[in-house]
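Starting from the given sequences, assemble the full structure and let the hints guide the process.
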Amino acid sequence: MLQQSSYQFSYRRCREQDLPDAAIAHHPVVVVGAGPVGLTLAIDLAQRGQSVVLIDDADRIGEGSRAICFSKRSLELWDRLGVGGRMVEKGVVWSVGRVFHGDSELYQFNLLPEDGHKMPAFVNLQQYYAEAYLVDRVQELPLIDLRWRNKIVGLEQHNDRAILTLETPDGSYRMTATYVVACDGARSTVRGLLGVEFSGQVFEDQFLIADVRMTAEFPTERWFWFDPTFHAGRSALLHRQPDDIWRIDLQLDRDADSVEERRPDNVRPRIERMLGHSNFEFTWISIYKFQCRRIDRFIHNCVIFAGDAAHQVSPFGARGANSGLEDAENLAWKLACVLKGSASQSLLESYHIERSAAADENIRESTRSTDFMAPGTKQQARLRQAVLALAKDTDFAKRMVNGGRLSKPSIYETPLSSPDTDAWNGGPRPGTSMVDAPVVTGDGQAIYLTDAFIRAGGGFGLLEFAKGAALQLPDQVSSIRVGTHAPYSDPRGLLAIRYDATPGSAYLLRPDGYVAARFRRPTPAAIEAAVSRACGHV
Amino acid sequence: MRLVTQSNFSNPDAAFRLVVEAHRGLTDEQSASLDTALVLILANQVGDLEVLREAIALAKRHLVGDPSVRGAKTI
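Those protein sequence lines, which keep their order, are chains X and B.
First residue of the first sequence? That's 1 in the numbering used here, and the numbers climb one at a time after it.
First residue of the second sequence? That's 1001 in the numbering used here, and the numbers climb one at a time after it.
Do not rely on the hints blindly, as some may be mistaken.
Here are some, though not all, of the chain X residues that point toward chain B, as calculated from beta-carbon distances under 7 angstroms [to be verified]:
| id | residue |
| --- | --- |
| 1 | Ala381 |
| 2 | Arg382 |
| 3 | Leu383 |
| 4 | Phe396 |
A short list of chain X residues far from chain B (calculated; beta carbon distances all over 12 angstroms) [unchecked claim]:
| id | residue |
| --- | --- |
| 5 | Ser10 |
| 6 | Leu19 |
| 7 | Leu112 |
| 8 | Asp115 |
| 9 | Arg174 |
| 10 | Arg213 |
| 11 | Phe218 |
| 12 | Ala386 |
| 13 | Asp395 |
| 14 | Asp451 |
Just so you know, these hints were derived from the structure itself, not from any lab.
Every residue, glycine too, gets a C-beta built ideally from N, C-alpha and C.
This is the structure we're talking about:
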């Protein structure tokens, strides 16, 4: 009944396994874990010219749809990595969420109410598709050496390298690495080997996930219920996935017997009550509890943690996989710069600063959602009840109703940003992710700023609103010049509005698309100083 | 301290009476629900997290047996 993963890969013995112990191979970067985060990181590194060994202890893509909501930010990253179009094409695009109490609608929200963005607010896509597309992309990149069924069983750290012991079907072998990136998930083996502990909150509440196949006419929206008649006293969530699959999340009692609850005979009547018919089949059923927690330091000498290996959140808000992908994007350019010698190791420290703060934000948001869904005491339940009741008549209470606050890219308070020195009445401030807008190329092609950023080569970019002659830019900065006599134009004026731009204004974009600095009247010296700062040279 | 602790009412007895009267004839459970809704409505009226935080601290000062406010009376 349950859908098996159709993506099976084969283990291949690699030549290194035959090397004598005295001649073990050295690699600049070894990424552990070929899930969405590890695959994305490896691709980003390879596109930056960095060779990478990617190992995974399995040889197939995991079962079940798991993470299904991929954010605009993740899609923009994947677009840069050459797989965004495929994800959107296969995925189910959505931007509207509705929240119900009982059987009546409390409110709805639209995560992307304006047009002029290349990527949608979200797509829903089974994690196994996302991983399969990433693996396809990996296979186009000769700089990535992907090794299935290579399980890390030993990790020793020395001053300038780590020694890894890997177990394969042909026995074990060793390799050394300048950096090891642990993307090996919530039960990270690397974390276990280093003895790094999580701290945070473990929730006792249990949730049932059921993926059902049916043809239905629900709109493509995120629907969330508090206390629906089909599941009294609890919450429920409905999401559409590709292939006529629907994700249903049902909150269970804390003391529910998880083995009993997941039996299809027991799940079926619940779903029948919800749908009002029995014309569906299960493709996946799972029960989960979750944690909101993180490790203290994301960097332990030459071992760096990313994704679930570093932090975990509740699923309400789509903050798990998306924040892991943001980790990968944040780390890739920094690691590539440090390995190339164009930045000092202090740049890596900013990965910890930026992404641990993002993890704290994600943990805070998802903990609040969870607490709202599953109040701990009688009075907390009463407060929840009062908010839901008042939400029918008042705006203030509507806005307290929390059925998940959906993932948005974090704003970094970071030493890499140059603080504003000019006056701005809008636009993304330094430390903020770039905002997309339509632009038109010299030959009349309608594209987006995110496309222009990709065409600029993936390094630093200067978005310049032309006034007079083009600025002289440092070698590592590419120009994205917009104006009447420039390579790009902004006929709708949306770009200028979204960046609060006047002629001459310029935004310095980091290789991960974050704003490093902005200027009303940029000078080569100011740009150079901002680039230097964004490379960790303070 | 931004929380106002001097009386804001020209007729404090009437204000207290109004709150007390609201509970007349209610069961404890109903009273608890009423107070809960009032807290949320009035918190929104205040609209200031800092004031709310100070109000919670003041309200907790004389709470008996709350582990989170042990020793709070000495502040």
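Against the structure, the hints:
Look at X:Ala381: its Cβ only gets to about 10 angstroms from chain B, farther than 7 angstroms, so that hint breaks. Satisfaction of the interface hint for X:Arg382 is found here, the shortest Cβ-Cβ separation to chain B being roughly 5 angstroms, below the 7 angstroms cut-off. Given the 7 angstroms rule on beta carbons, the hint for X:Leu383 holds: about 5 angstroms separates it from the nearest Cβ of chain B. With a cut of 7 angstroms, the hint placing X:Phe396 at the interface with chain B holds, because the nearest CB-to-CB distance is about 4 angstroms.
Non-interface status of X:Ser10 relative to chain B is upheld: no Cβ of that chain comes within 12 angstroms, the nearest being about 57 angstroms off. No beta-carbon of chain B comes within 12 angstroms of the beta-carbon of X:Leu19; the shortest separation is about 60 angstroms. Residue placement check: X:Leu112 keeps its beta carbon more than 12 angstroms from all beta carbons of chain B (closest about 28 angstroms). At the 12 angstroms boundary, the C-beta of X:Asp115 stays outside the reach of chain B, the nearest C-beta of that chain being 34 angstroms off.
A cut-off of 12 angstroms between C-beta atoms confirms that X:Arg174 is not in contact with chain B; the least separation is 52 angstroms. Even its closest Cβ contact with chain B, about 42 angstroms, leaves X:Arg213 beyond 12 angstroms, as expected for a residue assigned away from the interface. Residue-level check passed: X:Phe218 sits 32 angstroms from the nearest beta carbon of chain B, beyond 12 angstroms. With a least CB separation of 4 angstroms from chain B, X:Ala386 falls inside the 12 angstroms interface cut-off, contrary to its annotation.
Separation of X:Asp395 from chain B is inadequate, the least Cβ-Cβ distance of about 9 angstroms not exceeding the 12 angstroms criterion. Non-interface status of X:Asp451 relative to chain B is upheld: no Cβ of that chain comes within 12 angstroms, the nearest being about 41 angstroms off.
When each numbered hint is compared with the structure, violations occur for hints 1, 12 and 13.
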